[in-house]
Each structure stands twice: as structure tokens, then as C-alpha cells.
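So that you can map any letter, position 101 of the sequence shown is 101 in the working numbering, and since no number is skipped, the others follow by simple counting.
Warning: the hint list may mix true and false statements.
[As the list claims (entries may be wrong)] Ranges of calculated distance between the beta carbons of each label pair, as one might list FRET restraints:
#	residue 1	residue 2	range
1	E83	E11	25 to 35 Å
2	N94	E63	40 to 50 Å
3	K86	G28	21 to 31 Å
4	N136	L75	15 to 25 Å
5	D64	G28	17 to 27 Å
[To be verified] No more than 27 Å apart at the CA atoms, straight line, and that leaves these computed lysine-lysine pairs for DSS-like:
#	residue 1	residue 2
6	K131	K22
7	K131	K14
8	K14	K137
These aren't lab readings, by the way, just hints derived from the structure by calculation. Note that the structure is a prediction, hence the values are computed from the model and not measured. Just so it is clear, CB atoms sit at the ideal spot from N, CA and C, and this is done for glycine as well.
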Amino acid sequence: MENTITFYMLEDHKAIDEKLAKLLDGFGMSREEIRQLYKNFFIHLEKHLQTEEKAIFSFSEYEDAEIRNTIQELLEEHSKMRELLKMMSKEIENGRPRGFDNFITLLRRHQDAENNSLYPKLDRELDEPQKNFILNKIVAFR
Numbered sequence: 001m002e003n004t005i006t007f008y009m010l011e012d013h014k015a016i017d018e019k020l021a022k023l024l025d026g027f028g029m030s031r032e033e034i035r036q037l038y039k040n041f042f043i044h045l046e047k048h049l050q051t052e053e054k055a056i057f058s059f060s061e062y063e064d065a066e067i068r069n070t071i072q073e074l075l076e077e078h079s080k081m082r083e084l085l086k087m088m089s090k091e092i093e094n095g096r097p098r099g100f101d102n103f104i105t106l107l108r109r110h111q112d113a114e115n116n117s118l119y120p121k122l123d124r125e126l127d128e129p130q131k132n133f134i135l136n137k138i139v140a141f142r
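Modelling step: build the complete structure from the supplied sequences, incorporating the hints.
And the structure:
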């Protein structure tokens with residue numbers, strides 16, 4: 001198993017995407033089945049967001065202004081995602097699971113910024129003790 005921030009977080013992004021795909025494919029299911037799929041997706045995504053915020057974004061030793069700016073943008077996106085998740089939850093509770101397009105667009109853009117920019121940059125620029133500190137926190141939050 002690879003020991004990088006990118007590897008750990010990309011694996012979690014894949015799991016989130018799988019849960020979202022099941023939810024989106026499940027619209028022929030009963031209301032209760034859809035609620036359960038949404039609940040599983042929501043719990044996993046919220047845990048992922050908290051892991052990023054507590055293990056990666058809160059790390060105070062980032063000297064690079066670009067990293068700090070990217071993290072600020074990603075935190076703002078976390079807030080937007082949580083707002084959209086609340087709206088989606090209401091739609092599902094009302095038996096009208098729709099309106100996921102804005103959320104999916106935001107999630108894809110967010111993951112792209114992390115997978116292709118932030119995480120690889122952290123893996124390249126942080127020294128081993130710094131990376132290990134973050135990786136230990138990621139593992140602890142799993």
C-alpha cells in the first residue's frame with residue numbers, strides 16, 4: 001500500500017463516488033431504500049470532509065501561499081456542499097430525489113482540485129515528518 005496523502009484521500013474519493021453512483025442509480029427503489037442509500041452516502045461524505053478539515057486543512061505548517069489559498073477555497077466548498085446536502089436531504093424526505101446536478105458539479109470540481117493539485121503538491125513539498133503527521137491523523141479519523 002502506498003503511503004501518500006494522495007493515495008489515502010483518492011481511495012476515499014473513489015468510495016464516495018461509488019456510494020453516490022448507487023444513490024443516483026437507485027431511483028427505481030423504494031423511498032426507504034433511497035433514504036438509506038442517501039444516509040450512507042451522507043455519513044461517509046461528512047466523515048471525509050471532517051477528515052480533510054481536521055487532518056489536512058488544519059495543519060499549521062504550510063508555508064506556501066498557494067496551498068493556504070487553495071485550502072481556503074476548499075473549505076468554502078465544504079460549506080456549499082453541506083448546504084446542498086441539506087437541500088437534497090429534504091428532497092429525498094419529500095419523495096422527490098432531484099436537484100443533484102449542482103452538488104455533483106461542485107463535488108467533481110472539488111475532487112479534481114484535491115486529486116490533481118493539492119494532494120500531490122503536499123506529497124511533493126512536505127517533508128517526511130510533516131507528511132507522516134498528516135497521514136497518522138487521516139488514519140486515526142477513518
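message = Between the beta carbons of E83 and E11, is the distance compatible with 25 to 35 Å?
response = At 26 Å between Cβs, range holds.
ask   = K131 and K14: Cα distance at most 27 Å?
value = With a Cα-Cα distance of about 21 Å, the restraint between K131 and K14 holds, given a limit of 27 Å.
request  = State, for the Cβ atoms of N136 and L75, whether the hinted interval 15 to 25 Å holds or is violated.
outcome  = holds, 22 Å
message = If I claimed the Cβ atoms of N94 and E63 lie 40 to 50 Å apart, would that claim hold in this structure?
response = For E63 against N94, whose Cβ atoms are near 48 Å apart, the range 40 to 50 Å holds.
inquiry  = Within 17 to 27 Å: is that where the Cβ-Cβ distance between D64 and G28 falls?
reply    = Once the Cβ atoms are compared, 47 Å apart, the range 17 to 27 Å for G28 and D64 is violated.
ask   = Would the pair K131 and K22 pass a check requiring their Cα atoms to be no farther apart than 27 Å?
value = This hinted pair is violated, its Cα atoms lying about 33 Å apart.
key: Outcome for the supplied range 21 to 31 Å, where the beta carbon pair is K86 and G28   = holds, 25 Å
27 Å Cα cutoff - pair K14, K137 = Satisfied, since the Cα-Cα distance of roughly 20 Å is no more than 27 Å.
When the structure is compared with the earlier hints, violations turn up for hints 5 and 6 and for no others.
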